[in-house]
Structure formats: C-alpha cells, structure tokens
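Enquirer: Those protein sequences? They're chains A and B, same order as listed. Note that the first sequence ends on residue 352 in the working numbering; no numbers are left out. Note that the second sequence ends on residue 491 in the working numbering; no numbers are left out.
Source of the hints: derived by calculation from the structure; they are not laboratory data. Bear in mind that the values here come from a model prediction, so they are computed numbers and not experimental data. A portion of the hints provided could be inaccurate.
Now the stretches of chain B that chain A is said to cover, found in silico as 3 or more residues with beta-carbon under 8 Å [unchecked claim]:
1) 379-391
2) 398-404
3) 453-463
4) 470-476
5) 479-489
Glycine is no exception: its CB is placed at the ideal position from the N, C-alpha and C atoms.
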Amino acid sequence: MATRQTLGEILEQQGVSRRGFMKFCATITSMMALPPSMVSAVAQSLENAKRPSVIWLPFQECTGCTESFTRSHSPTVESLIFNSISLDYHHTLQAAAGHAAEEAKHEAMEANKGEYLLLVDGSIPLGNAGYSCIAGISNEEHLMNAAEHAAAIVSIGTCAAYGGIPKARPNPTGAVAVRDLIKDKPIINVPGCPPIPMVITGVLTHFLTFGSLPELDHEGRPVAFFGQTIHDRCYRRTFYDRGLFAETFDDEGAKKGWCLYKLGCKAPTTYNACATVKWNQGTSFPIESGHPCLGCSEPDFWDKGGFYEPLSATAFGPSSALLAAGAAGAALGAASAYAARRKQKKAQEASE
Amino acid sequence: MSGIDDIGVRIEPPVPDDHSYGNVQPILHEVLHALDRLLETGEPTTIDLRSMPFGPGEEERLEEALGTGEITVTLDAMGESRIVECAFPGVWLVTHYNSHEEIMARMIEVTEVPEIVRAERRELRSGAERLRQDLTGRH
C-alpha cells in the first residue's frame, strides 16, 4: 500500500539527488529546532521513515490554524503534505464532501488502526451538541471515535490545546480542550493563535522522522519550540535589562524600539518560538512590528487581564515588582519572569 | 469643520539602522572558537542562524562582518543553494532556497569544504557508469 513506502523510496522515485536529500535533511533539522549535529541522524531515520496517515479534525475553530499551516514557507511542506504524510481527512483541504469524505475518514482509520496521527484544531463544546457538529454528529463524538485508535493526538492551536477563545469567559458553548476529554493517549499541544507554521510542520516532521513524540513540557508542548519564553529570546531584551521602556505607542522609546513591557507585553510569561522562527517567511514577529506580545500560546490568554496592561499590574497590582527587577539588571530577568508566571497563574486561579 | 490638510504632519528621521542588539559579536566569537577547534582537532561546526533572535538589520550586519571570500558555489537541487566562502577561509555561509526562491535554511559552516559540495562514492560510481555507457554507445 502506498502509505507504507519509506520516504527514501518516495524521494528516490522523484529523482531527488543525494545533495537534494542532504539539503532537505538540513532544512528539516533546523525546522525541528534540533542541533545541526543531528543532520546525519535525521537523514538516516528519514530514509527509512514510513509515511504516516494523518486525520485532521476541525471543531470550534476559525480555520486560522489551517491557514497558518498551509502558509509554511518551506517547500518541504508541499512534499510533507502530499508526499511524506498521507492526509486522509481534512474537511477544508480535501476534494471530497459529505458521505464520500466521511467514508474516506473511516477507511483511513480502519486501514491504519493504531498507527494514524490525529490532528485537531478548535475546541470541543460540551454544552449543546448543536453548537458545532459535522454531518449531524457532535464534535465530542467525532473526537472520541477518531481518538480511540490513534497513535497520538496533536492539538493544533490554542483552542484545541487549552480551549482558547471559545472557552473565554463566560464560555457560552461549554468549550473544553482535547486534553480535558482524552486521558489515555499521548497528546502534543502546539498552541498559538495561530501556531507558527514551522512549528506545526516541525512537530509533524519529528513524528515522521523518529516515529516518536518530541520531548514535552508541563503544558504538553514540544520543548524544542516552547522551551524558552519570547522574552528570553527577544532582540529587545537588552532594553528591558537596561530599564529602557516605551511608555506609549508614539513616544521616543517606541520609535527607538525599546522594550514594550509597560505597554502590556506578555513575552516574559509566554513560551513560544516567535522571536527566533518569526512569521511571514521569517520577516518579523509582533514585537518587531512594535506591538506587545498577547501571550496567545498560553492557557486562558484571553482572560488574563488587559492586553495593554503591564504584567506587573495584572499579577501584582500597581507595585511593579517585575518592572523593578528589569531595571535592576539582566541577572534578575529570567528569575522574575518565572516568578511572575507562577504568580500570575496563582492570581488567575484565585480569581476563579 | 476642519479639513484633512489642517492636521499637522511631522516627518521624523528613522531610527539609525546601525543599532546593535548584541547578536553579531557573540556569533563572530563563536565562529572564531569553531575555527580554532577546526585547526586543532579537525572537528567542523555548524551554526544554525534560524535559532538566533536577530533584531532588524542584524543578519545583514553579520554578513558584512563575515565578508566575501574567493569561492561561491551554486547548487541546483530542490531549488537553489548558495554556498559562499567568507573573508575568513574555512567559514562558509550556506543558504538553502526553495523553488520559489524563499530561504528555507541558513547556517554558518566552519569546515574545509561543506559536506554537501563533495561528491560521494556512490555518486562517483553511478557517474562513471554513465560515462562508460556513453563512450560504449559512441563506438
């Protein structure tokens, strides 16, 4: 069956040369945020990698995650979608509709029982099933059926990972995340609103290459991409450390590209790869465009106080402990960001 | 009612683009250490530039600092790749493009010759075989 071909065979059939293959491996090693010394290990694994079947289920979502995914700028993505993975169900991208589409999904699930990768975007409403259903079947039922024989589940986007915007107070649909419903399967969370396209493909490529899940953090996110805060990797960090802040969006500090902390930047408590992987073919990321980070890859980012309120205001009241740390010097930065993150979480729990 | 012309407009000079965000210097040091290692032990190093938090204009400044040496190799496989020896022998700036000329990966390789440039034995063998067949066909 076509899905069981190795990637090495597929590329050879397409006339990809050794140098082409090496280039491919160098690119995806970088894409997976692995050290360059791993290229030869990646090449070895990839030659023998089997093409996995992928089923993508969209629930309460805005299609932003799919938009992001299909705009990954690497050419390997076309090959990733069409050659390296077998995308057997994705209701926005597939040609089939109605019964034919559902039939294709069931066939793929049956043929690849226990081996297919289930991708989910969107949250699942537990209130009225009618809030979001496909072919008259509730999102919850779709998820539970597809999850039963999946090898692993990837929650794409903040909605699938944590409930996201549909779950924002007062959560009218009773939205929950995939991890709230599924407890007996490995789940990889790839949050972000939307997630960075290269991060989505990086996670899929990891599964394709090594046949295993990447190392995950306490929120179920791949450490390779979510191991550091945006603040840790921000090119404006030097201004934070020196206590140079923009106070308004049009003051001298803003024009000079100083730190956006006082304008509500959530980078110190947000784990994501925006500052290095960047967006729009590596052009920039929100802070580089002069806007504070909204913290979209964190749980309940919508309910964490105002986007333009400094973290110190939402977490500590007006005393600005974190800000004082920033002005005091670099050494305190990471520790206080961690403290802020913990305190913010506690404050959040206390307010609920 | 006042018109749009009544709104004052002030054009300000842009922020000087030579501002340092502090990334160029450490990478140059890393390259130097890699060169020392290559000299002492023969061990090559690759620095993935995608993992660097470059500020605006910093990558260009890094390129300037590395300069351009004598050799530029263009590779045509799954889109173009440019392999440029920098002003410091053994330091190569490797940029992989896709078929739409977008950058897929970018790295500094500190090595005698980047691995991707070398012809491998398997390729040598199949090339020799093709040439042999060509020559046999001609006679």
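Enquirer: Check each numbered hint against the structure and report the violated ones by number, ascending.
Expert: When the structure is compared with the hints, numbers 1, 5 turn out to be violated.
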